[in-house]
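Start from the sequences and build out the full structure, keeping to the hints where you can.
There are 4 protein chains.
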Amino acid sequence: MDLEAVKRYLEKGGETASAVDGLPPRFLEPLIMNALKVDLIETGRVVCSMKIPPRLLNAGNSLHGGAIAALVDVVGSAAIPTVGYSAPNTGVSVEINVSYLDAAYADVSRLLSLEEIEIEARALRVGKAVAVISVEFKKKKTGKVFAQGRHTKFLPLSSKM
Amino acid sequence: MDLEAVKRYLEKGGETASAVDGLPPRFLEPLIMNALKVDLIETGRVVCSMKIPPRLLNAGNSLHGGAIAALVDVVGSAAIPTVGYSAPNTGVSVEINVSYLDAAYADVSRLLSLEEIEIEARALRVGKAVAVISVEFKKKKTGKVFAQGRHTKFLPLSSKM
Amino acid sequence: MDLEAVKRYLEKGGETASAVDGLPPRFLEPLIMNALKVDLIETGRVVCSMKIPPRLLNAGNSLHGGAIAALVDVVGSAAIPTVGYSAPNTGVSVEINVSYLDAAYADVSRLLSLEEIEIEARALRVGKAVAVISVEFKKKKTGKVFAQGRHTKFLPLSSKM
Amino acid sequence: MDLEAVKRYLEKGGETASAVDGLPPRFLEPLIMNALKVDLIETGRVVCSMKIPPRLLNAGNSLHGGAIAALVDVVGSAAIPTVGYSAPNTGVSVEINVSYLDAAYADVSRLLSLEEIEIEARALRVGKAVAVISVEFKKKKTGKVFAQGRHTKFLPLSSKM
Chain W
1 MDLEAVKRYL EKGGETASAV DGLPPRFLEP LIMNALKVDL IETGRVVCSM
51 KIPPRLLNAG NSLHGGAIAA LVDVVGSAAI PTVGYSAPNT GVSVEINVSY
101 LDAAYADVSR LLSLEEIEIE ARALRVGKAV AVISVEFKKK KTGKVFAQGR
151 HTKFLPLSSK M
Chain P
1 MDLEAVKRYL EKGGETASAV DGLPPRFLEP LIMNALKVDL IETGRVVCSM
51 KIPPRLLNAG NSLHGGAIAA LVDVVGSAAI PTVGYSAPNT GVSVEINVSY
101 LDAAYADVSR LLSLEEIEIE ARALRVGKAV AVISVEFKKK KTGKVFAQGR
151 HTKFLPLSSK M
Chain B
1 MDLEAVKRYL EKGGETASAV DGLPPRFLEP LIMNALKVDL IETGRVVCSM
51 KIPPRLLNAG NSLHGGAIAA LVDVVGSAAI PTVGYSAPNT GVSVEINVSY
101 LDAAYADVSR LLSLEEIEIE ARALRVGKAV AVISVEFKKK KTGKVFAQGR
151 HTKFLPLSSK M
Chain L
1 MDLEAVKRYL EKGGETASAV DGLPPRFLEP LIMNALKVDL IETGRVVCSM
51 KIPPRLLNAG NSLHGGAIAA LVDVVGSAAI PTVGYSAPNT GVSVEINVSY
101 LDAAYADVSR LLSLEEIEIE ARALRVGKAV AVISVEFKKK KTGKVFAQGR
151 HTKFLPLSSK M
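Chains W, P, B and L, in that order, are what the protein sequence lines are.
So that you can map any letter, position 93 of the first sequence is 93 in UniProt numbering, and since no number is skipped, the others follow by simple counting.
So that you can map any letter, position 75 of the second sequence is 75 in UniProt numbering, and since no number is skipped, the others follow by simple counting.
So that you can map any letter, position 76 of the third sequence is 76 in UniProt numbering, and since no number is skipped, the others follow by simple counting.
So that you can map any letter, position 52 of the fourth sequence is 52 in UniProt numbering, and since no number is skipped, the others follow by simple counting.
Read the hints as simulated data drawn from the structure, not as lab findings.
Virtual Cβ for every residue (Gly too), placed ideally from N, Cα, C.
Treat the hints with care, as some may be off.
So the derived list for chain L, only partly shown, Cβ under 7 angstroms to chain B, looks like this [stated by the list, open to error]: (1) P54; (2) G65; (3) G91; (4) I96; (5) N97.
Spelled out as structure tokens, the structure:
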């Protein structure tokens, strides 16, 4: 067991401090969302697609689990206004969970041809105070689900239109 | 219901495309980890602290739920080698879940004095094939827990040392 | 705050001790499963229906959250052999989660006409070592989803047929 | 793949129909709770112990995953009134999740000496509308954690005392 290696891993950001420190506030969302295209919006359902950008890969060259969780947050939230809530007010997160079923973009040899994925958010419930959205990630070429998440939000100020 | 507003929100990254597209591969981890400091590493337990950097805020000026989930992934993984697994091999994520209990850094007036948080990862189990880590987030000043997550990993290649 | 009331609630079983203590080993499964009917089994998918039996209600006269979680476990596990694993070996649970979206059978006036529900388990992944199943609960009359869960199992001894 | 075996498993309750059908309404809670003893109640924290009763075992002779989930529900709910909410009103479940780390009571040879476990519920948050409780299961003899869950409830009618 090499505890120093763990420490070095966790503090490795230091190397890139100058690049990262200069970034503007609220930069995580554009980092995650920049590649998103909206394919379909209908009542209770949002479908997006994304060519996985290299910046969102992990050390194993597959889509980072943290990026998938952040996409569950962001795309899941976008399903709430589709059932009649005002867009700027999608509440606060209460719970996010994700099951990772397979790696997307794991094949290093395909790094140059960005793998395209589909993200489907389905509102399971949008009540007066609580919304729950299921978010599924598929590889576009094969249709295979590689992650499934759920997002629960509290809607304190919502007023159904 | 304004479906166009949802679409604009999800595709808003377009505005920042030039800034984001130039970022290097695997940029998410330094973005998330750059501010981490390791306070303690012992068998089965890792404690880090972080002054919340503005780049990780959400539109409400609190630490982004996606950033918290990514930190559950990264800091949780770091607890695995502390119980005797080789550091470069912490397996693949099977499940991540997070409960959000409170906002950290929500007070806009305190934006200039970065709020400091503590992240504690505790290995609940590191078996031959499956590891489960609990990760708790506290506000350093008050000791109040503001998020709790769990991270389950599959350790296909691990060999206990 | 009446801590004595909490204690009385948790230890209330004492009143029914004689009835409960006489029950045979492994009684939980028949208690939960007795009302299940299998409507469909196909590769990766199992659909059951159940008229909610009064014994599975909670104090609010809706299907008990613990019963729903137990059904995620049992019906979810049944989806694993449908993709080619031998039936007696569906591994051990690693994680179960459930979102409760609505109450089923909440209307006391309808107690005599048992509400019928549908439970659909869909295998998201059955790999060599890990299986993940999504389980959705619907009210049969309206088609409305009232709970969604996920079940992750480790398949240590499985051999694909 | 033997789909008939899956069907027989799911409908096996039929054999015990007469025993199960005669049970009174709301029987699941006494079945689960009858063995619970309250060891400690304090603000935000409830600790119970239980000798695992044979009726709650699964086919592998360990404590059934569904029983553990039901205990997360019941013992987790009991932590809410300890922070100042009126006892009869602990809201409705929004989410329950459990990680299973190890089997309790798996050794058939020890069936006669019932293994004792400890269940600790800790209120992470009890706000105006949402409560989140962490529930940990330990083997009493070794102190080893064998399951960890979280329970999120919505408190629509609560009024802090």
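So, going through the hints one by one against the coordinates:
1. Interface restraint check: P54(L) against chain B, minimum CB-CB distance 4 angstroms, threshold 7 angstroms, status holds.
2. At its closest, the beta carbon of G65(L) sits 4 angstroms from a beta carbon of chain B; the interface hint therefore holds under the 7 angstroms criterion.
3. At its closest, the beta carbon of G91(L) sits 10 angstroms from a beta carbon of chain B; the interface hint therefore is violated under the 7 angstroms criterion.
4. Annotation: interface hint on I96(L) holds; nearest CB of chain B at approximately 5 angstroms, less than 7 angstroms.
5. About 4 angstroms separates the beta-carbon of N97(L) from the nearest beta-carbon of chain B, less than 7 angstroms, and the hint is met.
Of the numbered hints stated above, the single one contradicted by the structure is hint 3.
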